[in-house]
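Trainee: Sequence:
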Amino acid sequence: MRVLSVAMMVAAGAASAGEVDILAREVWGARPPIVERAEPIENVTRGTRRLSVENVMPEIGQVQFLTVHHTGRRASTRALADNLRQFQAQMFSYEIDYGNGTRKKVMLGDLPYHFFIDGAGQIGEGRETRFAPYSNTQYATPIQQHVTVVLDGNFERKPPSAAQVDALVAVLTHLADHYDVPVAHIQGHKHVAQTLCPGKHLEALLPDIRARVQAGLSR
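Just so you know, we're using this note's numbering here: the sequence shown kicks off at 1 and counts up by one.
Keep in mind that the hints were calculated from the coordinates and are not lab data.
C-beta: ideal position from N, C-alpha, C; glycine also.
Any given hint might turn out to be false.
Estimated spans, in silico, between C-beta atoms of each pair [as the list claims (entries may be wrong)]: (1) Asn43 <-> Gln214: 20 to 28 Å; (2) Gly101 <-> Ser218: 45 to 53 Å; (3) Pro58 <-> Ala162: 15 to 23 Å; (4) Ala215 <-> Leu51: 38 to 46 Å; (5) Glu128 <-> Ala211: 23 to 31 Å; (6) Gly61 <-> Glu39: 24 to 32 Å; (7) Asn136 <-> Ala184: 22 to 30 Å; (8) Ser93 <-> Ala184: 34 to 42 Å; (9) Arg157 <-> Ala79: 22 to 30 Å; (10) Asp82 <-> Gln144: 26 to 34 Å; (11) Gln214 <-> Thr48: 40 to 48 Å.
Model the full assembly from the supplied sequences, consistent with the hints where possible.
Mentor: Given below as structure tokens:
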């Protein structure tokens, strides 16, 4: 595992109190992002089928918010690298079946989130932080101002693991320090959009998570 700082510049070695273990894109085998499609694909709705396309990956702006998501699925038991490779492949072209006769084809340029935390609390580098995140919801603040972290699991159904919460605190502490983001601007997805994400069980933990981040920043 390559040890990365938030700026992705720390050399390999044992993590210290000032470092976070993050599996880098080149280590888990990420494919290059589709930064811009040569032939744009139109977002369309045909009956129960919808198409969501990210034709251009916009650059990130001045980061002002750190936003927490969940995948909304059962956490994968795959090894982190395999999990990330599969997730990225799905984002390039996959179909969501909502179970009510409605299906949605999704074609993104890369993973939608900047950092990914698996069920065991291991952290992977997702979308490069030079790019804005993606969401199929409308953010109340410009999405280019957000760095996003996703935890694998459906936290409407059950809480995240303690290891996931510890990893989330570590990542958010580094990001808040690196981007000088106020702890009050650490929020769940539902705070900026019409959604249940990141799930009621994770949402309930956010006050304590913010307190732990603040304590880490104050050291």
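Trainee: Work down the list of hints and note, for each, if the structure agrees.
Mentor: So, going through the hints one by one against the coordinates:
no. : hint                          : result
1   : Asn43 <-> Gln214: 20 to 28 Å  : violated, 40 Å
2   : Gly101 <-> Ser218: 45 to 53 Å : holds, 52 Å
3   : Pro58 <-> Ala162: 15 to 23 Å  : violated, 36 Å
4   : Ala215 <-> Leu51: 38 to 46 Å  : holds, 45 Å
5   : Glu128 <-> Ala211: 23 to 31 Å : holds, 30 Å
6   : Gly61 <-> Glu39: 24 to 32 Å   : holds, 27 Å
7   : Asn136 <-> Ala184: 22 to 30 Å : holds, 26 Å
8   : Ser93 <-> Ala184: 34 to 42 Å  : holds, 38 Å
9   : Arg157 <-> Ala79: 22 to 30 Å  : holds, 24 Å
10  : Asp82 <-> Gln144: 26 to 34 Å  : holds, 31 Å
11  : Gln214 <-> Thr48: 40 to 48 Å  : holds, 46 Å
Hints 1, 3 from the earlier list are contradicted by this structure; the remaining hints agree with it.
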